[in-house]
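Peer 1: Following the hints, complete the assembly by docking chain B onto the known chain A.
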Amino acid sequence: MTFTASQLLALLPLLLTTGAMVALMLAIAWKRCDDTAFVVTIAGLNLALFSLPIVMAQGDQGVTPLLQIDGYAVFYMGLVLIGALATCTFGRSWLKGYPDNREEFYLLLLIATAGGLVLAGSRHLASLYIGIEMLTLPMFGLVGYAYRERHSLEASIKYMVLSAAATAFLLFGMALLYAQAGSLSFSDLGLTLATTPAHHPLLMGGLGLMLVGFAFKLSLAPFHLWTPDVYEGAPAPVATFLATVSKIAVFCVLLRFYLAVPAAADPMIHWLLAAMAVVSIVIGNLLALLQTNIKRMMGYSSISHFGYLLAVIVASRLGQMPVEAAGVYLLMYLFTSLGAFGVISMMSSPYRGKDADSLHSYRGLFWRRPYLTAVLTVMMLSLAGIPMTLGFIGKFYLIGVTVDAKLWWLSGAIVLGSALGLYYYLRVMVTLYLREPGMQLRDAKGDWAITSGGLVVLLSAALVVALGLYPQPVISLVQGFQNVVLH
Amino acid sequence: MITPWMNAHLLTFLVFAPFIWGVLLMLFPERQAPLVKLLAILGATGILAIAAVQLLRAQPDVLGRVAVERFHWFSAVGIPVEYHLSVDGLNIWLVILTVFLVPLTMLGTWHSLSHKAGTALALFLMLESGMLGALVAQDLLLFYLFWEAMLLPMYFLIGVWGGSERRYAATKFMLFTLSGSLLWLVALLYMAGKAGSFSPAVMAQAAAALPGSAQNLLFLAFAVAFAIKVPLFPLHTWLPDAHTEAPTAGSVILAGVLLKLGSYGFLRFAIPIFPDAALHFAKPMAALSVIAIVYGALVAMMQTDIKKLVAYSSVSHMGFVMLGIASMTLIGTQGAMLQMLNHGISTGALFLLVGMIYDRAHTRRIADFGGVATKMPVFTAFFLIVTLSSIGLPLTNGFAGEFLILNGTYLSGFGWGRAMACVATLGVLLSAAYMLWMVKRVFWGPANPDPESGTAHLHADLNLREIAVMLPLVALIFWMGIHPSTFLAHSEAHVARALVQAQAPAPRGAAVLPEVK
Chain A
20 MTFTASQLLA LLPLLLTTGA MVALMLAIAW KRCDDTAFVV TIAGLNLALF
70 SLPIVMAQGD QGVTPLLQID GYAVFYMGLV LIGALATCTF GRSWLKGYPD
120 NREEFYLLLL IATAGGLVLA GSRHLASLYI GIEMLTLPMF GLVGYAYRER
170 HSLEASIKYM VLSAAATAFL LFGMALLYAQ AGSLSFSDLG LTLATTPAHH
220 PLLMGGLGLM LVGFAFKLSL APFHLWTPDV YEGAPAPVAT FLATVSKIAV
270 FCVLLRFYLA VPAAADPMIH WLLAAMAVVS IVIGNLLALL QTNIKRMMGY
320 SSISHFGYLL AVIVASRLGQ MPVEAAGVYL LMYLFTSLGA FGVISMMSSP
370 YRGKDADSLH SYRGLFWRRP YLTAVLTVMM LSLAGIPMTL GFIGKFYLIG
420 VTVDAKLWWL SGAIVLGSAL GLYYYLRVMV TLYLREPGMQ LRDAKGDWAI
470 TSGGLVVLLS AALVVALGLY PQPVISLVQG FQNVVLH
Chain B
417 MITPWMNAHL LTFLVFAPFI WGVLLMLFPE RQAPLVKLLA ILGATGILAI
467 AAVQLLRAQP DVLGRVAVER FHWFSAVGIP VEYHLSVDGL NIWLVILTVF
517 LVPLTMLGTW HSLSHKAGTA LALFLMLESG MLGALVAQDL LLFYLFWEAM
567 LLPMYFLIGV WGGSERRYAA TKFMLFTLSG SLLWLVALLY MAGKAGSFSP
617 AVMAQAAAAL PGSAQNLLFL AFAVAFAIKV PLFPLHTWLP DAHTEAPTAG
667 SVILAGVLLK LGSYGFLRFA IPIFPDAALH FAKPMAALSV IAIVYGALVA
717 MMQTDIKKLV AYSSVSHMGF VMLGIASMTL IGTQGAMLQM LNHGISTGAL
767 FLLVGMIYDR AHTRRIADFG GVATKMPVFT AFFLIVTLSS IGLPLTNGFA
817 GEFLILNGTY LSGFGWGRAM ACVATLGVLL SAAYMLWMVK RVFWGPANPD
867 PESGTAHLHA DLNLREIAVM LPLVALIFWM GIHPSTFLAH SEAHVARALV
917 QAQAPAPRGA AVLPEVK
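Going down the list, the sequences are from chains A and B. Its first residue numbered 20, the first sequence is counted upward by one per residue in this note's numbering. Its first residue numbered 417, the second sequence is counted upward by one per residue in this note's numbering.
Hints are all accurate, no fakes.
Some, not all, of what chain B presents toward chain A, calculated at C-beta under 8 Å:
#1 F490
#2 G494
#3 F572
#4 G575
#5 V576
#6 R583
#7 A586
#8 T587
#9 M590
#10 L591
#11 S595
#12 L599
#13 L605
These are calculated hints, taken from the structure and not from any lab test. Beta carbons are placed, not taken as given, at the ideal position from N, Cα and C, and that holds for glycine.
Isolated chain A, as found in the complex (with noise of 0.2 Å):
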């Protein structure tokens, strides 16, 4: 196989980070210094985004047949760079204070960057998995990073054992499927299902095996149960990039395979999904309610937010808008929780035994750290999708979707979801305007605002906002990115 020169350079983010990875190998073999460590990787993934727009300028490009570089994967591509840089910058405050080997952690980021990467381009079943593993493997090292915290331990433990269990299904699934197309690319999977009759209770239980990882993955009820125990003992930067670029990258795969699949629309696999997005909403934002932890209330918050994502997918088939619809909202989810982990990350920073996150810490947080808890409230407005921040744009386009394609149960189901939502984030907001203050175990650093955590954290929150209030830019770039996506 030979690969033309706008191949390779169709390929230059992925490059850019393996050689980071590379990189950063030989220097810790050569030096342990966390500093450097820091700087090859903060540069690598900076190349990989800078490399994006001449991605851009090579146009659509298949590069063996495992991955296919067009406008939606450098979309995607992008997400997760930048959610991955953010979580570089959280991490070096964070890891300022913990006490062990600290370049691996730079590493592990790195080769699940990569995975995220090959996900966003991924076109093929082989390299869905190879994409999915990558992402997955180096987390069960991330979560449990501080491992002398029982609960990291055991976050990464269980972690470790579901993602097993739900990759087997999701192999198993990839079987049956091959077993009746012969092929494992997606448009041959397309084409083969659609022309050729196959043995219906196979195909669709190879789908819905699929499905189980994917939802395992995407933390969809009824597979979200490991969500709020990893959310809480993975370090807050760790934390970050699960809530991200895993999932973000995941959900790109999905919606790629769903519509390059023409038997993915089965109206069982249609029911199921709609009925899962229904009850991660539900589930989600009802068991948010009780939480009193900020991270596990993120986890819930974010199997109810992929519920939402999902009932894009359920309309996906309509036409452009529900693609678009996805990209702006999960452009939005990423900066809303940059934002939102990036404060707890700052509260946790430096590395100090368990983080900040039970809300007690929160308490009264305005009248101590007045910048960081606007931000922190910025977040929670967006993700409670209040008009004027980038999260009302992300709901205003997914029941616009919902009630573009009639789908009336969605549509309430997202309406129920947000009311239920609006309840808990308020909850933190009021604790944080708190007159009287609670415990001061943690606090942010005096000085967090000029670490480069805290730059993400507040230029997050100057997009959020800035954004909300003109959106034309976010809608145009995803737009334009958009267009090549389907043919």
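Peer 2: Then chain B, alone, in the frame of chain A:
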């Protein structure tokens, strides 16, 4: 002095200047609180001056608009959203009421906000921005944005600066209003998808093409969101909590302006977009309004807390506004327009007065007072005037509004209209009962002998600052009572046009509009 840019972007300036001013004030350190208060009041007064001069001086165009701004803003889900602001006959006085009440309230509650006053005043200015934005927005999505955005500052004002149950009250306030508007958002997006636009005029055309049942459902989605804000019985339960827990300034603005946005939403959007459905639901709406009038008055009578009494009287008074709107007659709707302003002035003034006595006595229980008239004669005089205006005594503003509304209900086309007018008139009687009974127990009689009572803590009558706050309100009470046409003239053409649209297709008895002079 006023540049051409200002003239072209007057409304943008009015909407965003308070917000920007508020953000700037937030940057001041806490120990500068008196300076911040002064700057906030000066800023709000400046906005008032500019708004009053520019809006009242401008010549209206064919559609009665005195100021317009219109740009393409963005396109989402394939539907263009416009940045479309305008002030016309329907909202001009509500805009002026808003910019008038804000500086007055700030001055009136100078000492009430002890804790982090700078931040509270900054939020207050942001609230002003949100309310003005919602009042002047002509694009439905823009209206929705401002409608929700104005809740946030109010949420914080109640939740941080409120009374002992503030968290509960603030959360309830937010949940009620936001859940209602979520359902509305679905209807809004459905209509926008049908019309391909968020402009009410285009939507009205698209709505006319829909089957009647769909129109009714959509109208209900709009109506519930607005009715929660009004609040119309039985969706009113958040109001007493919010009012009781809110700081004085919050209560004044909540009663004075925020509630009006609900009834304004009916007049501006719900009825013009779905005229047939509005006629269809006019009778149930009127019935609920009458229930609100009587129920609010009866519950008010039973209150032991002055502020809660005023809060329930709000439910009753806003019932009058909704009754006027539901009558779908020119005279009733005009009465509703006037009653909105009346309620803003009278109830706002009542809340200010309650705040003034609370600052001195630190209690609001009626039983803790008695004989206040001997200790605070000036305060008593003001309270009495406002009470009479709230009751609707002739020559005060309350009379003109309630008279027009009852008249409109009597003339309305639907059956039982006359009976409803009669029952609603009972509400006027009841309002006299609860207000005067409260006045009797608080102000008259011998001074409360208990040394721990509220009356014992009243050491000083109103000072000059407080008198300066009350005087313009009292002046307005009489002006609106004696010469209401100042305030009615602007909206008449607009209301008449809207009603002709609403009633033209319906072959009902009330098709011929009664003249109002």
